[in-house]
Amino acid sequence: MASTGAPVELVVASGKGGVGKSTLAATLAIVLARRGYRLVAVDADAEAPNLHIVLGVDRWDEEIPVYEGRVAYIVDELCTRCNACAEACVYGAVEVHDGRYWINPWICEGCITCSAACPPKAIRYRFRVKSGVVRLARSTRYGFPLVGGESAPGRPNSGKLVTETKNRGKSLLGAEGVLLVDAAAGIGCQVISSLTGAQLALLVAEPTLASLSDLKRIHRLTKHFGIAPMLVVNKYDLNPDIVGEIEDYARAENIPVIGRIPFDPAVPESMVKAVPLVEYMPDSPAAEAMLRIAEFVADKVLTDWRSWWSRYRPKKPEPYVPIIIRPGGSAK
Amino acid sequence: MPPRWVVAVTGGKGGTGKSFVATNLAVLLAGHVRLLLADLDVEAPNDHLLLGVTRLENEEPIATFFPIIDYARCTACGACMKACDTGAIVAARGRPPLVMPRLCSGCRACLMVCPEDAISPEGRRVIGYSYSTPVGRWGDRFQLVTGMIREGEEHTPPAIVATKRRALREAPDGGLVLVDTGAGTGNGVSAAIQEAQLVIAVTEPTPLGLHDLRAILEIAHGMGKRTWVVVNRAGLGDDRGHEALAREYGVELLYRVPFDTGAARAYARGVPAVKACPGCDAARSLRGLSGELLAALKTL
Numbered sequence: 001m002a003s004t005g006a007p008v009e010l011v012v013a014s015g016k017g018g019v020g021k022s023t024l025a026a027t028l029a030i031v032l033a034r035r036g037y038r039l040v041a042v043d044a045d046a047e048a049p050n051l052h053i054v055l056g057v058d059r060w061d062e063e064i065p066v067y068e069g070r071v072a073y074i075v076d077e078l079c080t081r082c083n084a085c086a087e088a089c090v091y092g093a094v095e096v097h098d099g100r101y102w103i104n105p106w107i108c109e110g111c112i113t114c115s116a117a118c119p120p121k122a123i124r125y126r127f128r129v130k131s132g133v134v135r136l137a138r139s140t141r142y143g144f145p146l147v148g149g150e151s152a153p154g155r156p157n158s159g160k161l162v163t164e165t166k167n168r169g170k171s172l173l174g175a176e177g178v179l180l181v182d183a184a185a186g187i188g189c190q191v192i193s194s195l196t197g198a199q200l201a202l203l204v205a206e207p208t209l210a211s212l213s214d215l216k217r218i219h220r221l222t223k224h225f226g227i228a229p230m231l232v233v234n235k236y237d238l239n240p241d242i243v244g245e246i247e248d249y250a251r252a253e254n255i256p257v258i259g260r261i262p263f264d265p266a267v268p269e270s271m272v273k274a275v276p277l278v279e280y281m282p283d284s285p286a287a288e289a290m291l292r293i294a295e296f297v298a299d300k301v302l303t304d305w306r307s308w309w310s311r312y313r314p315k316k317p318e319p320y321v322p323i324i325i326r327p328g329g330s331a332k
Numbered sequence: 333m334p335p336r337w338v339v340a341v342t343g344g345k346g347g348t349g350k351s352f353v354a355t356n357l358a359v360l361l362a363g364h365v366r367l368l369l370a371d372l373d374v375e376a377p378n379d380h381l382l383l384g385v386t387r388l389e390n391e392e393p394i395a396t397f398f399p400i401i402d403y404a405r406c407t408a409c410g411a412c413m414k415a416c417d418t419g420a421i422v423a424a425r426g427r428p429p430l431v432m433p434r435l436c437s438g439c440r441a442c443l444m445v446c447p448e449d450a451i452s453p454e455g456r457r458v459i460g461y462s463y464s465t466p467v468g469r470w471g472d473r474f475q476l477v478t479g480m481i482r483e484g485e486e487h488t489p490p491a492i493v494a495t496k497r498r499a500l501r502e503a504p505d506g507g508l509v510l511v512d513t514g515a516g517t518g519n520g521v522s523a524a525i526q527e528a529q530l531v532i533a534v535t536e537p538t539p540l541g542l543h544d545l546r547a548i549l550e551i552a553h554g555m556g557k558r559t560w561v562v563v564n565r566a567g568l569g570d571d572r573g574h575e576a577l578a579r580e581y582g583v584e585l586l587y588r589v590p591f592d593t594g595a596a597r598a599y600a601r602g603v604p605a606v607k608a609c610p611g612c613d614a615a616r617s618l619r620g621l622s623g624e625l626l627a628a629l630k631t632l
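So the protein sequences, as listed, match chains A and B.
Numbering follows the numbering used here, with no gaps: position 279 of the first sequence is 279.
Counting the second sequence from 1 gives a position; the numbering used here is that position plus 332.
Any given hint could be a false lead.
Cβ-Cβ distance ranges computed for the label pairs, FRET-style [as the list claims (entries may be wrong)]: (1) A:Asp76 with B:Thr593: 41 to 49 angstroms; (2) B:Gly419 with A:Ala6: 24 to 32 angstroms; (3) B:Glu550 with A:Lys170: 28 to 36 angstroms; (4) A:Ala6 with B:Glu624: 19 to 27 angstroms; (5) B:Gly419 with A:Cys79: 27 to 35 angstroms; (6) B:Pro447 with A:His97: 14 to 22 angstroms; (7) A:Ser171 with B:Arg387: 16 to 24 angstroms; (8) B:Asp570 with A:His97: 37 to 45 angstroms; (9) B:Glu580 with A:Lys216: 39 to 47 angstroms; (10) B:Arg501 with A:Ser3: 57 to 65 angstroms.
Keeping only pairs whose Cα atoms sit at most 27 angstroms apart, straight-line, the calculated DSS-like set for lysine-lysine is [claimed, not checked]: (11) B:Lys414 with A:Lys130; (12) A:Lys300 with A:Lys273; (13) A:Lys316 with A:Lys300; (14) A:Lys130 with B:Lys557; (15) A:Lys316 with A:Lys216; (16) A:Lys121 with B:Lys414; (17) A:Lys315 with A:Lys300; (18) A:Lys130 with A:Lys216.
Covered stretches of chain B, going by a simulated chain A footprint (3 or more residues, C-beta under 8 angstroms) [to be verified]: (19) 341 to 353; (20) 428 to 440; (21) 452 to 465; (22) 476 to 486.
Since the hints were derived computationally from the structure, they do not count as laboratory data.
Quick caveat, the model's predicted, so the values are computed rather than measured.
Note that the Cβ used here is the ideal one computed from N, Cα and C, for glycine as well.
Could you build all of it, start to finish, from the sequences and the hints given here?
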């Protein structure tokens, strides 16, 4: 039984969508489990959860709905059409159709601004709107549990759902082992919730200018959190020039490049079959590359993760600094 | 200057090819309609990179309201904390409140409920920037409006709405605004497609693409939007499920753009596929899609 000493959180993130986070996270989880690590896999993309599909999970043992949402609506008989609500709403949720004022439930975040602004007090709320669901599969085919969440479409604050999902995962894991978190694309609230509390980040990039730009943004975010990053370049044979630019950036920023994966049509093929590539075609070029990367993480990173973290975490703290403009106009 | 049409390109799953489709459509349509492309993927905007634009121009800060509390007037009544929807205002019992900048959405609820007039209406916080850049190197000119949040910002809808409003303000009179929404299926996407008369959902022929297509169609359908589905990288998987799903949601057109290494290489380098390899399968298919869209504009 491989041991980590204390729970360690490793987040797989990228900024750019579609570069192979879930595919790599699934492979990593399978290899770590084979190596005897205690592990919980967390799908931290509440808006487009995919990890269960890659891992072939078609049934959940637990599905707990979360009812935190709140949506405003206008009582038409009381409305004086003064437009105060439309002017107050920062989300633009108030629409006018044939002279009638209507709050679009797909846009409304449920804050109290419009009702506070409304002179005739014509605005009410629907409470306990479904925000989403937290799901658990106690044991995937590979022996470890999978926790995931799914936001109801069009709802705000998926970051909250990700936090609840991670907390469920952490309580399942207990005092020892690896929390392997597959983050969403982007750098917004979902990703920030994924990164909170993590020590290690496996950043995935593809050789495109778009991916390099997004890599820089997600990397700066990991610096805010003091996380030790490592980099994998996926589909690397599509553009060697840009691989060079990506690795130059990594070198300049002390981000170790721990592997490269070639483009491989076996990847989408295995996805269509809903079987992880390392099971479907373990000899394929991409599978071999991913296995080597996973073995590196298992044997060289996690066995003494505190040394790794110490070596590669940001040397200078770079916390988020807000830009506030005070009355009188001077930026702080 | 009100545009005549707004068409949104979205998709849910990251990496299906929203920006690929949106930027190529912009290049193709710019010769036929006056056009503005709005990149509302404020977390990770990429349209400028796919169009080989090296410098974004006309930077404007996106500044939302930020409560600056006058502690001389504050009585620590807690009304602002109760009113705050995002938990950005915290206070221990009876103590004056503290505002946590990263969580503040700028909604002004605190300002409106404060009984002591202790919050200034003038305070602002810069959460990101919007840009407006002319794109002329690929033929007929069009304008690109880009939104970008500062790294560390939790809450993206205010930045999406601000960038969208700029795009609608600067849109050519009587022309087309093409919106690239960015990944996701949350209220950021619904805000990005709010004004659209047509929503084009870009997906990929895998079970992951299918799963996220359902969520996007749920939103578009719920908002009463006419929808098309574009299966990008067609041929690299199985899209029968996508076809069935499209029928289920009353999607008006399902269009396939084949996987094409020429197009992928062009994308990587920042050259629109329709210019880099006009004869390749993906480019021909994109031209066909732009023709369908032009014809559809007459009915929108």
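For each hint, the structure was consulted:
no.: 1; hint: A:Asp76 with B:Thr593: 41 to 49 angstroms; verdict: violated (57 angstroms)
no.: 2; hint: B:Gly419 with A:Ala6: 24 to 32 angstroms; verdict: holds (29 angstroms)
no.: 3; hint: B:Glu550 with A:Lys170: 28 to 36 angstroms; verdict: holds (30 angstroms)
no.: 4; hint: A:Ala6 with B:Glu624: 19 to 27 angstroms; verdict: violated (57 angstroms)
no.: 5; hint: B:Gly419 with A:Cys79: 27 to 35 angstroms; verdict: holds (30 angstroms)
no.: 6; hint: B:Pro447 with A:His97: 14 to 22 angstroms; verdict: violated (36 angstroms)
no.: 7; hint: A:Ser171 with B:Arg387: 16 to 24 angstroms; verdict: violated (49 angstroms)
no.: 8; hint: B:Asp570 with A:His97: 37 to 45 angstroms; verdict: holds (41 angstroms)
no.: 9; hint: B:Glu580 with A:Lys216: 39 to 47 angstroms; verdict: holds (40 angstroms)
no.: 10; hint: B:Arg501 with A:Ser3: 57 to 65 angstroms; verdict: holds (59 angstroms)
no.: 11; hint: B:Lys414 with A:Lys130; verdict: holds (22 angstroms)
no.: 12; hint: A:Lys300 with A:Lys273; verdict: violated (32 angstroms)
no.: 13; hint: A:Lys316 with A:Lys300; verdict: holds (25 angstroms)
no.: 14; hint: A:Lys130 with B:Lys557; verdict: holds (22 angstroms)
no.: 15; hint: A:Lys316 with A:Lys216; verdict: holds (17 angstroms)
no.: 16; hint: A:Lys121 with B:Lys414; verdict: holds (18 angstroms)
no.: 17; hint: A:Lys315 with A:Lys300; verdict: holds (21 angstroms)
no.: 18; hint: A:Lys130 with A:Lys216; verdict: violated (35 angstroms)
no.: 19; hint: 341 to 353; verdict: holds (count 6)
no.: 20; hint: 428 to 440; verdict: holds (count 6)
no.: 21; hint: 452 to 465; verdict: holds (count 6)
no.: 22; hint: 476 to 486; verdict: holds (count 6)
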